[in-house]
Amino acid sequence: MDKICSSNRNVLKIKEIVMENSKMQECIEKCLACATACTHCASACLQESEIDMLRECIQTDLECAAICKVAAEVMSLNGKSVSEICQICAAQCNLCAEECEKHAAHGMEHCLHCAKVCRECAEACLSMVSAA
Numbered sequence: 006m007d008k009i010c011s012s013n014r015n016v017l018k019i020k021e022i023v024m025e026n027s028k029m030q031e032c033i034e035k036c037l038a039c040a041t042a043c044t045h046c047a048s049a050c051l052q053e054s055e056i057d058m059l060r061e062c063i064q065t066d067l068e069c070a071a072i073c074k075v076a077a078e079v080m081s082l083n084g085k086s087v088s089e090i091c092q093i094c095a096a097q098c099n100l101c102a103e104e105c106e107k108h109a110a111h112g113m114e115h116c117l118h119c120a121k122v123c124r125e126c127a128e129a130c131l132s133m134v135s136a137a
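Convert by adding 5 to the 1-based position in the sequence shown; the result is the number in the working numbering.
Treat the hints with caution; some may be incorrect.
Said to hold, decoys possible - Only pairs whose alpha carbons sit at most 30 Å apart, straight line, appear in this in silico DSBU-like list of lysine-lysine:
no., residue 1, residue 2
1, K28, K121
2, K85, K28
3, K85, K74
4, K74, K107
5, K121, K74
6, K28, K74
As the list claims (entries may be wrong) - Distance windows between CB atoms, simulated:
no., residue 1, residue 2, range
7, E78, S27, 15 to 21 Å
8, E106, Q52, 18 to 24 Å
9, E53, L100, 16 to 22 Å
10, H45, V75, 17 to 23 Å
11, Q52, E103, 21 to 27 Å
12, D57, E106, 16 to 22 Å
Hints are computed from structural coordinates only; laboratory data are not their basis. Built from N, CA and C at the ideal position, the CB exists for glycine as well.
Model the full structure from these sequences, guided by the hints.
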């Protein structure tokens, strides 16, 4: 009976590790998608005629892309600071989404898409913080 209980505990532990890894993999993918969306948004903003009003958006996009890449890298290393970097990433993604939403309201589709992807990334990162 003890062997069965021990075996069941091992199976549960393996399932827990697999679930944690799939959650982390999903977060890595969200971070990489966000970095791409932010880079695209910054590039598209540079093509707009009213570039002066987009300076904050461009800067926020570039910072968000950089942080998302770092977060993905730290998670892929299964680093000790996953929770901390994911918390920072979520905060930056939310800032970026707020900035992009201002411009999305004026019809800038690239900002609308970026805001959506940033919100998804922030949510995934916060789930990593709560899992730690």
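Indices of hints not satisfied (ascending): Checked against the structure, no hint fails, so every one of them is satisfied.
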